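A.B. asks: Each chain is listed here by its residues.
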Amino acid sequence: MSTQVDASPAAESRSSWLSGPAGRTVGLVVALVLLAVVGVITGGERFASLDNVMTILRLASVTGVLAIGMTFVITAGGIDLSVGSVLGLATVWASTLATQTMAEDLHWTVMVLTGLAVGTAAGLINGLIIAYGKVVAFIATLAMMIAARGLAEMISGRQTQVVQVDGFLDFVRADFIGVPVLVWMFVVVAVAGWFLFNRTTFGRRTVAVGGNAEASRLAGIKVQRHLLYVYGLSGLTAGIAGVMMLGRTTAGTSTNGLYYELEVIAAVVVGGTLLIGGRGTIVGTVIGVLIFAMLTNVFTINNLSISAQNVAKGVIIVVAVLIQQRFAARSTST
Amino acid sequence: MSTQVDASPAAESRSSWLSGPAGRTVGLVVALVLLAVVGVITGGERFASLDNVMTILRLASVTGVLAIGMTFVITAGGIDLSVGSVLGLATVWASTLATQTMAEDLHWTVMVLTGLAVGTAAGLINGLIIAYGKVVAFIATLAMMIAARGLAEMISGRQTQVVQVDGFLDFVRADFIGVPVLVWMFVVVAVAGWFLFNRTTFGRRTVAVGGNAEASRLAGIKVQRHLLYVYGLSGLTAGIAGVMMLGRTTAGTSTNGLYYELEVIAAVVVGGTLLIGGRGTIVGTVIGVLIFAMLTNVFTINNLSISAQNVAKGVIIVVAVLIQQRFAARSTST
Amino acid sequence: AGCTSNEPPEDEGSAAPQVAAEGNDEPGEKVVIGFSAPAADHGWMGAITQSAVDTADQYSDVELRQAEATNDVNVQISQVEQFINDGVDAIVLLPFDGAALTEVATKAMDAGIPVINVDREFSSPFAARATVLGDNYGMGVSAGTYICEQLGDTPDAVVAEVAGIDSLPLTQDRSKGFKDALSDCGLDVDARVAADFTVQGGETATSNLLQAEPKIDAIWNHDDDQGVGVLAAIENAGRDEFFMVGGAGSLDVMEHIKADDSVLQATVIYPSTQAADGIKLARLVVHDKNMGDLVSAGVPRTTQLYAPVVTADNVDQYMSIGFRS
Amino acid sequence: MVDVDRDDAAPPEGADAPDVPLLRMEGIVKHFPGAKALDGVDLDVLPGEVHCLLGQNGAGKSTLIKVLAGAHQPTSGRIVLDGEEIAIPHPVAALRHGVATIYQELDVVDGLTVAENVFLGHELDRGGFTQRREAIRSTREMLRRLGHPEISPHREVGRLSAAGKQIVSMARALSHDARVIVMDEPSAVLDAGEVQNLFRVVRGLTAQGVAVVYISHRLEEIRQIGDRITVLKNGRTVGRDLPAATTPTAELIRLMTGRNVEYAFPTRPGVPEDAPVVLDVEDLALAGTFEDVSFQVRAGEIVGLAGLVGAGRSEILETLYGARRRTAGSVAVKGRRLRSGSVDAAVAAGIGLCPEERKSQGLVLDEPVYRNITLSTFARIARGGWLDERAERAAAREQVAALDLRPAGVDRAARTLSGGNQQKALLGRWLVHGCDVLLLDEPTRGVDVGARSELYALVRRLADAGTAVVVVSSEIPEVLGLADHVLVVSEGRVVHRAPAQDIDEHRVLDLVMEGTVA
Ligand SMILES: Nc1ncnc2c1ncn2[C@@H]1O[C@H](COP(=O)(O)OP(=O)(O)OP(=O)(O)O)[C@@H](O)[C@H]1O
Ligand SMILES: Nc1ncnc2c1ncn2[C@@H]1O[C@H](COP(=O)(O)OP(=O)(O)OP(=O)(O)O)[C@@H](O)[C@H]1O
Ligand SMILES: O[C@@H]1[C@@H](O)[C@H](O)OC[C@H]1O
Ligand SMILES: [Mg+2]
Ligand SMILES: [Mg+2]
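Chains as they are written, first to last, in our numbering: chain P, 47 to 380; chain R, 47 to 380; chain W, 3 to 327; chain B, 986 to 1503.
Straight line, CA to CA, 27 Å or less: simulated DSS-like cross-link-like pairs of lysine-lysine:
1. R:LYS180 with B:LYS1021
2. B:LYS1344 with P:LYS180
3. R:LYS180 with B:LYS1344
4. R:LYS268 with R:LYS180
5. B:LYS1218 with B:LYS1021
6. W:LYS109 with W:LYS32
7. W:LYS291 with W:LYS32
8. P:LYS180 with P:LYS268
9. W:LYS217 with W:LYS178
10. W:LYS291 with W:LYS109
11. P:LYS268 with B:LYS1344
12. P:LYS180 with R:LYS359
13. W:LYS181 with W:LYS217
14. W:LYS260 with W:LYS217
15. P:LYS268 with B:LYS1319
16. B:LYS1344 with B:LYS1021
17. B:LYS1344 with B:LYS1218
Covered stretches of chain R (in silico footprint by chain P; criterion: 3 or more residues with CB under 8 Å from a CB of chain P, positions within the stretch not fixed):
18. 167-180
19. 183-197
20. 302-313
21. 344-354
22. 357-364
Note that these hints are calculated values from the structure, not bench results.
Note that the structure is predicted; figures quoted are calculated from it, not measured.
Every residue gets a Cβ at the ideal spot worked out from N, C-alpha and C, and that includes glycine.
All chains, please: the whole structure from these sequences, using the hints.
C.D. replies: Below, the structure is given as structure tokens:
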């Protein structure tokens, strides 16, 4: 989707360890640290406290989980615009179950599983349409984004369904060694995602399919089926994020997850995953998500008007990407 | 003694005219006609009246103009997520000028030109960042989308600025041979876009850059400069659309054009322009825009529940693309 | 009946006002009403459409034509154009942006179709036959006055505000009223964040707000639906050193006020039934009838709804009109 | 525009003083991150000569000509044209100086028509509006002179065969008023007839004083068309001013490789009568492309498919491999019939394919070599989906060593390997996998002489170890020299089959031509 303008020959820098994946991450870390420095300078204690760190992490956790799934999708050469909507649909479906009387005696894990199942199902439908229907991912998932939102509205009657399932809320709101369960969930998904991406055949296939689908097919990889799974995975993470959202806000509503997709994609790409596929990084994604969360936090601490925040945010995104690119490998391309 | 390296004669006859650009358009026309048939069956007179046709065309005109610019961007292998925001910014800037007292004696064309200039400037900034900064288009224009919205809010103080410039309003609201000026503007932009795309070196180079940037560079095309122009063009159409919006609503506000980008991209892609670049069609884009506008119209006529409309829209988008693909050349790929 | 009455109706459960046994509700000539509103991207707006549809359903002589809910004024304009083409009997319009829809509403009026303007006001008086408004400035004043009453004697008290969509004029009206009322008792707004009327937006904005302000005395939150998220953030942060005033008046919030199980002490009503009122008025206008208890002829030009403060003392009175957000 | 047909053209001015170089490149150095591609190359080109550039894969030939074309900036060095030092900061500058290039990687834009591609970057226009009729007229004219009137200027280039695209590239180079035309392996995708046609064009050019820099791995071509040779090795000029016609082959190979390589086909031991049939193709057809293709390959046998470009040989391989859905017939491996249209079924049954387009169909270019080698096998190296990277690398390293793939590191991106080494990596993929049937489509395209003989020996060894091999090649001597049994394919039909020793190049060409006429 993006024109890779050929790097001007002059830009070929000396190679070093900086030019590997590590180098790409260094640029990101630098951006993150710069942001933190700004936070400390402008916010002092209020920024640097442990509480605030937890606030940032909690803030990052929901989009973070979505971003892990998105990293697989984008690496496989696709895109998923439906994650926000599907998240919303999952919260509505799960909360409908929880607020229906007949569900009184169901264990809360059933509610959780419903959320995950709804997300996964939506993802698999995306996958079917893209892999077997050969509809371009942007359009297929855009359609799902619109349709899932409508379905969520129909199911909820456009109402906000507040969940008061104690077992569930106790669980999601708990702390564990001083860290909120929501943050742990993000950590678990990120770590699992990292292993899946870097240590399993699934991850390897994802990179291969995104790098060269035709070559992968001729090497005997079932490309279509793999894409199906990748979108299913993204749906699953949307379901998980939905459950987290439900825990965080106690509310199932069709407006949950509204406009998350662009932020998630931005975080993934800022993190260093190539939008054209074939290269992805879970670590980069996590840092990308943290950058966005920290940005919001620093802005609020500084009491910037929303409008000014937006202008600043636009500028910072571009600058962050430019910094990252300075550090990133010139060597991979010419 | 040389062999025939082109199998065209055989292939040509087999695949027939359906497999060319015309064939791709046929699928679209079929989808449009199907939709119209549904409109006539369900709405009868209410749908088929001349008034209603003009209503559809007026609705289509603003996004239509954006879509023409977007066709160039996508064909060139890029994407422009900022068009909606830039449209909003243009309306705010132009209306600020118009509502300032010192501007009293300025001719209304100055306001119009301001709108166009603001759009073009934003587009050129996108182009600079993408072509020379080598920031991937999705991210660069996402940043512009956020920043332009913020800037528009700052300039307008988040107020809706009502424009009461008579000369301007008289012009934009007039009819010309029974067709509203807004629609004429769309027609003019579309026709100019068609010529630019199909009959000029600029158009050829746009396709070339999107199809194979490296080959284009080697052939002597200044790829970066060309991309700069392409994004500038998209900004210009956003400016034009902004002026049209101002005429239609009399209101300059930062919420103008909110989330147009996805709809515009969807229309362009449904129209048959390849999201990966290298192939585009202005005629397809126009039909794509008409499909979306007609959809909204048919929904309103049919009094579908609001949520159900969304579900239906999602399904229809996928079906439209599938129909189009059935008709589109199978022969291009294998 | 409905929100314009002084007495809250008895009926429980449905947010849609009950059809009162008055002459006005007797079936008459068929009325075709075109209805268009912004996207249900937050609970209040969802309740708006829902109650409008429910109310229309209660009348056998009303045919409601719902246009796709949209935040795109371009689309909304074309919907009104379509209603004009169709020759509907009346249009109930909650515009995404009042100024932007003024022009086309005027066109409808010129075509002899009465337009009932709901919630977000047109910029010209000629654009609507009747207007139903909440009292946004009044909401801010009510909330500010209540907070003044509670904190009046502590001039350095920290007051925070969680606003709704900042770019809407009505948000600015609310904030202005709030500020004005506070300054009357020597207070000001120490921290202000804006969310977007959604639960998630409220949660995010409030988490950050709480982080930025280690000690707070009172919070006013503009909208009870985003309030679900605001409350969740407060509970997540384990904070309770302040009290909170809500806005709009959802059932959920009223239940909290009644149970006294949270920082919520009060909320300010902003009726989610105003589009339902619009439907009723549209019907009356077309049937050329008077409004309920009024003696004067014709439906009034403007109806501004009341923004009372709901507290534990009077919550029972208002439970029935609280919207299930 | 250059008139390629007028052999009788008046002798050009340059021809008066043939010893004054038209172009001289001196001490060209080019560093890439992690690689020194050129390390001081000298080259001088006389007007009207065909100057051949020889060297192994990775020697730096393409890099050198890209420097000349303005596509790369040299780290240091001088370029002198007509006695004046020039700078070539971008491709436009090269074209302005009269240097046109036909690149090794096809440099056409698939979405544009033939005419649009030919005039890309220097469109015929009036005030920005393209003069389409004029462009089409001169494109048609140019294609006619190039001997390909059957290519329509209106045709979308993406729908042409690789050879067709090559012709378009050539037409583009000719459309510039060039004094030097550089051709980087133009014959790689051409068959014998095509190559002769190309030579006719080249002679037309040189007769007008245009200098041609010609790169090829096929020595017999260089003998036929070349005037002088420059040899590159490891980014340095190691041989210059060598007469193309007379320099002994052994000498050239020694200069290129630094050793003495036997440039010959391995001996055929002969397939034992009782060797079992491994691959059995019966009445295979793909509608519109080929039909009635039947043949058997026994264990240890190499079957070659000879024919012209466009005959449908690649499609035969791809179809029996399941990459295309056959419309009729059957394919069986060791007696077991394969599901149609399923590559993974074919792979599971023990078939491997090294596809024609290494880069677009074979490799995941940005992934490291070892992952490309294990791509068809990594699921087996994994346990329960869990990868054992150490085992994976070890398996890849073993193949790299066995194939003498260079450079030997398995962690570099496949993109950075030279053509021959990329081919070896693909072979390595199937060696790791261990297959009973190996399908090779143009295995030596773009591969240097040294690597070629290694590949031949390797394929023979595989066959000797019991693998059934099918080879498609547009170089008839290669098919004849390597295969045990040859099928001649023409226009989607097998027109002849014979043991390799019973048939020669002329016979094959005759058969192909008859098939074409028929
Ligand atoms: N963009 C690049 N980045 C890094 N290394 C490169 C790049 N391009 C070429 N090289 C390296 O430079 C060397 C010379 O490559 P080049 O393509 O010029 O060889 P060649 O002689 O044309 O080989 P072949 O016969 O295979 O075409 C090789 O080692 C190659 O790997
Ligand atoms: N995508 C396509 N669309 C139309 N025709 C095609 C396509 N691909 C291949 N063909 C045609 O199919 C025939 C066989 O193609 P191909 O060039 O692969 O044959 P081949 O015998 O393998 O030749 P080569 O020596 O180039 O490998 C040719 O006539 C070619 O033009
Ligand atoms: O959308 C707004 C709603 O959320 C708020 O609570 O009241 C006014 C409405 O316009
Ligand atoms: Mg080369
Ligand atoms: Mg082939």
